[in-house]
Amino acid sequence: MSSRSQARLGRSIALHLFLTPLALIWLFPLWMMVVFSTMPDNGIFSPGIELLPHDNFIDNVNNLQRDTNFVGAIGISVSVAVTYTFLSVLLTSMAGWALARYNFVGKGVVVAIILGTITLPYAVVLIPQFIMVARDFQLANTWVALIVPPLFNSLGVLFMRQAFSMMPGDLFDAARVEGVKEWRIFLFVALPLARPMLAALAIILFLASWNNYLWPLLINSQPGAMTAPVALGTLIGLTKVSWGGIMAGAVMLTVPMLVVFVLLQRHFIAGIAAGAIK
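When the letters of the sequence shown are read in order and numbered with this note's numbering, they come out as residues 57 to 334.
Don't read these hints as lab results, they were simulated from the structure.
These figures come from a predicted structure and were not determined experimentally.
Even for Gly, the Cβ is constructed at its ideal location relative to N, Cα and C.
Incorrect hints may appear among the rest.
To be verified - Only pairs whose alpha carbons sit at most 20 angstroms apart, straight line, appear in this in silico SDA-like list of lysine to any residue:
1. K163 <-> N118
2. K237 <-> P248
3. K237 <-> G225
4. K296 <-> N125
5. K163 <-> V117
6. K296 <-> V117
7. K163 <-> I174
8. K163 <-> A151
9. K237 <-> N159
10. K237 <-> M150
11. K163 <-> S221
12. K296 <-> N98
13. K163 <-> N98
14. K296 <-> A306
15. K296 <-> D97
16. K296 <-> M150
17. K296 <-> I100
18. K237 <-> A154
19. K237 <-> P103
20. K296 <-> A79
21. K296 <-> K163
22. K237 <-> I174
23. K296 <-> N118
24. K237 <-> M223
As the list claims (entries may be wrong) - Derived CB-CB ranges, DEER-like:
25. V233 <-> N267: 23 to 33 angstroms
26. N118 <-> G162: 56 to 66 angstroms
27. M88 <-> S221: 23 to 33 angstroms
28. S221 <-> E106: 48 to 58 angstroms
29. L65 <-> V204: 50 to 60 angstroms
30. L71 <-> V200: 41 to 51 angstroms
31. S135 <-> A230: 32 to 42 angstroms
32. V181 <-> N159: 24 to 34 angstroms
33. N125 <-> G99: 22 to 32 angstroms
Use the sequences and the hints to build the structure in full.
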């Protein structure tokens, strides 16, 4: 083995020795969540430290389903997240394409406004948005209220603008010379080239919708229209808190997302890197 290979191996071993404890520290709360989901409510606050799972997970899931219809809430969350992700990716892609490839009056102002919206705290627009959707449009307790208001994502627009700006303009000019319409250039030329960035953006938007709690809590008050995070929140009462059910529900919401991220992490990292480097 050459000296360069030995040095590379030594750096790799040192890096793993440094990162492994950090990974264990990050994974420990997740493991404790799994352990707590298998314990009864009175066992979670026992004086001893429990590091191994118990056998109460099925009972906690049954209690969770009985109290909240959690399976139905998960179905609502999946449907809302998938629909929101598809529409938001399409909308932000079209906006990013227009800002990257077309010149029009006020383009700089539009970009500045989009940048400015990123700096606004969500609490600033939350109450006006709720009044407009619930009182003016009468859309409370509907899927439209869950999906449409957060569709426009400023970060997604800027991300896709950067992605389309990196692509060679000569390719699109050649398509125009051949007589290809603009919408076909966007759908069949630009979007396939931006596939890694689209995958990364879709993962980010899906997770944002999946974990969204505050807006669904405000706009949907009926039990049959609650998303999964809001349904979990109903287990916290004034006199009783079903900790076992909350932990079981948290595991059911977290594990699928971890699996999706592990399976798609290559696309996610590639898309983030491709969209951030010009």
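A quick look at each hint next to the structure:
1. K163 <-> N118: violated (55 angstroms)
2. K237 <-> P248: Roughly 16 angstroms separates the two Cα atoms, so the pair holds.
3. K237 <-> G225: holds (15 angstroms)
4. K296 <-> N125: holds (18 angstroms)
5. K163 <-> V117: violated (52 angstroms)
6. K296 <-> V117: holds (17 angstroms)
7. K163 <-> I174: Status holds; Cα separation ~17 angstroms.
8. K163 <-> A151: Distance of about 11 angstroms is within 20 angstroms: holds.
9. K237 <-> N159: holds (18 angstroms)
10. K237 <-> M150: holds (15 angstroms)
11. K163 <-> S221: Measuring from Cα to Cα gives roughly 14 angstroms; hence the hint holds.
12. K296 <-> N98: holds (12 angstroms)
13. K163 <-> N98: violated (60 angstroms)
14. K296 <-> A306: holds (18 angstroms)
15. K296 <-> D97: holds (10 angstroms)
16. K296 <-> M150: violated (48 angstroms)
17. K296 <-> I100: Judged against 20 angstroms, a Cα distance of about 14 angstroms means the pair holds.
18. K237 <-> A154: Holds: K237 and A154 sit about 15 angstroms apart, inside 20 angstroms.
19. K237 <-> P103: violated (70 angstroms)
20. K296 <-> A79: Since the Cα atoms of K296 and A79 sit roughly 35 angstroms apart, the hinted pair is violated (cutoff 20 angstroms).
21. K296 <-> K163: violated (55 angstroms)
22. K237 <-> I174: Not OK: K237 and I174 at ~33 angstroms, beyond 20 angstroms, violated.
23. K296 <-> N118: holds (17 angstroms)
24. K237 <-> M223: Roughly 18 angstroms separates the two Cα atoms, so the pair holds.
25. V233 <-> N267: 23 to 33 angstroms: Since the Cβ atoms of V233 and N267 sit about 46 angstroms apart, the hinted range of 23 to 33 angstroms is violated.
26. N118 <-> G162: 56 to 66 angstroms: 58 angstroms Cβ-Cβ, so the 56 to 66 angstroms window holds.
27. M88 <-> S221: 23 to 33 angstroms: violated (44 angstroms)
28. S221 <-> E106: 48 to 58 angstroms: Holds: the Cβ-Cβ distance is about 53 angstroms, inside 48 to 58 angstroms.
29. L65 <-> V204: 50 to 60 angstroms: Given a distance of about 54 angstroms, which is inside 50 to 60 angstroms, the answer is holds.
30. L71 <-> V200: 41 to 51 angstroms: Once the Cβ atoms are compared, 49 angstroms apart, the range 41 to 51 angstroms for V200 and L71 holds.
31. S135 <-> A230: 32 to 42 angstroms: Holds - the Cβ-Cβ distance for S135 and A230, about 41 angstroms, lies within 32 to 42 angstroms.
32. V181 <-> N159: 24 to 34 angstroms: holds (30 angstroms)
33. N125 <-> G99: 22 to 32 angstroms: holds (25 angstroms)
The structure is inconsistent with the numbered hints 1, 5, 13, 16, 19, 20, 21, 22, 25 and 27, although it conforms to all the rest.
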